[in-house]
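*Asks:* Those sequence lines, one after another, are chains A, B and C. If you read the first sequence in the UniProt record's numbering, its first letter stands for residue 1, the second for the next number, and so on. If you read the second sequence in the UniProt record's numbering, its first letter stands for residue 1, the second for the next number, and so on. If you read the third sequence in the UniProt record's numbering, its first letter stands for residue 1, the second for the next number, and so on.
Because the hints were derived from the structure by calculation, they are not lab data. Don't be surprised by glycine CBs; every beta carbon is placed ideally from N, CA and C. One should not assume that every hint holds.
[Said to hold, decoys possible] Covered, in the sense of this in silico footprint (three residues per stretch, anywhere, with C-beta under 8 angstroms from a C-beta of chain C), are these stretches of chain B:
#1 134-140
#2 168-176
#3 186-199
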Amino acid sequence: MFCEKVIELIRELHRMSDGQLPAFNEDGLRQVLQEMEALYEQNQSDVQEAKSEARTELIPSIKLRHCCLLRNQRCVIAYLYDRLLRIRALRWECGSVLPANVRFHMCAEELQWFSQYKKSLASFMRSLGGGEGLDITQDIKPPKSLYIEVRCLKDHGEFEIDDGTVILLKKNSQHFLPRWKCEQLIRQGVLEHVVS
Amino acid sequence: METQSYFPVPPGVAVEENFLSLDDILLTHERLPVRTECAFPRLGFLDKSTDTQDISEGTKMELPLWLSKALYERKRRVLSVELPKVYREGWRTVFNADPNVVDLHKMGPYYYSLGSQLLHFDSPENPDIAQTLLQTFIGRFRRTMDSSQNAYNEDTSALVQRLDSLEKVLFRSGQSGLNDFQSWEKGRAAQLTASTLVLNYRKRKLAEVQP
Amino acid sequence: MDPLEVEFLAEKETVKIIPNFSLDKIYLIGGDLGPFNPGLPVDVPVWLALNLKQRQKCRIVPPEWMDVDKLEETRDLERKEDTFTPAPSPYYMELTKLLLNHASDNIPKADEIRTLVKDIWDTRIAKLRLSADSFISQQEAHAQLDNLTLMEINTIRTFLLDSLNCMYKLRSNLQPASSKGQYADF
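With the hints as extra help, turn the sequences into a complete structure.
*Replies:* In structure tokens:
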């Protein structure tokens, strides 16, 4: 049956329901486009024949192929759109710099889209708070205090805090830091929030 | 407590599908037994049972729901759709007798959604199918709710196993409400945690490195 | 909504404290606070009360409803009635948790209060589930959720909304097919 290839693409995404981004399936997409081209060309020639030789019995087959073209189109759009939703989520979960293994799974256009999304978000956040700017990716949970206790899960090197002091984030070391400076690092799994 | 930032396109609520929903695309990929009411020239290769050039009138074959729906017309018969057996009278009697004994995952997994979609095709049995779908859902609701609201920190796979995909969604939203509340009550909600997405990526990276 | 956000809203409720310091009135966007005089009771939002308490700057006076006799009465009434009785406070669950966790030394019979509030909560949640079930089985079109608190609604919100969507889907199937028309889905 037609449109089987494109369902594989959809299944690939559906299996990773947690929002992970599978590798961009360039090869699969090319095969779908090839199928669409073949469907289109066959329909062109059948339409010509149906017109010039008045062969109306060809119409059901033409209609069937046309439906398949539209189905392929729908699925490809849904595939690309769902990937964009996942890529947008990455900005919120991983921060503005993506790990190499994630970037590796994106095509050139997606990388470009990500950097544009990043820019729009940044300029929106700069415009908030009467020109002061406001980082809306922070404080996703209502904060209880300005400072929190954190433990380092891996060596992360030097880290500068508000007052200019530089501390060394060494594995297993424990620190009392401004919450807003740590939130991103906790989400990335570098620091662990210690609750007493 | 999970802060998630990936929200997939939800499936359509009523009879309409949601164009970009992966769930709806997979649902409409389910196959239905059909009978062709006219010939489809030059498409014989789609019917695996013969090697003729055309699909002739009166061929019985399976077509995906989306294609059956698109080709189906009330005025001009192009194909007729047969009811899959779980929606026929025999099974309807079973469902009406005790909806809780049936394994809807095995029968479906899109029992309700596929059943609703079947109503697009004219059939004198449609009102009965619609009634059975509704009564089955109502009959099983208490169980779906109770299991999703009482199972905290347990392995839920056995409970979920026999649910239809629609009921599974319900089960999960019940569970997340319960889990969020419990972790707040135990004082764990305020702890900032690593993104599950990031953690899952790391797990996968390890799995890829290992032979 | 996250339970933490509900708790955040609860922190805006006022509670009486007895400060052990003095400070002039302070003017904030959210309202004026103080003045604070040692030994003189003053109403402040819960978030401030907890912060002062943690720094040993005050003693918290428990809200009137946070009392064993009153809560026993509420619990018995809640068990007797089929419908929801008015909750002790719109934020009874959140305030109990916050105040008992941070100021249990200021609240007489703290453990008993904890148990009572939990009993009331459990009774109400059981009722909520029962009514959700009868709501579905009787195919009602709307429900009245009188006397429910935000935290209670919040634990069941997504589940209830998803169930109602399912019901809507399956009930709209009962409409005759002619009204459906043709759909151009692929």
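*Asks:* Next step is simple, just say for each hint if it's right about the structure.
*Replies:* Hints and how they fare:
1. 134-140: Answer holds; 3 residues pass the 8 angstroms Cβ test.
2. 168-176: Contact hint for the stretch 168-176 of chain B vs chain C: holds, 5 residues under 8 angstroms.
3. 186-199: With 3 residues in contact (Cβ-Cβ under 8 angstroms with chain C), the coverage given for the stretch 186-199 of chain B holds.
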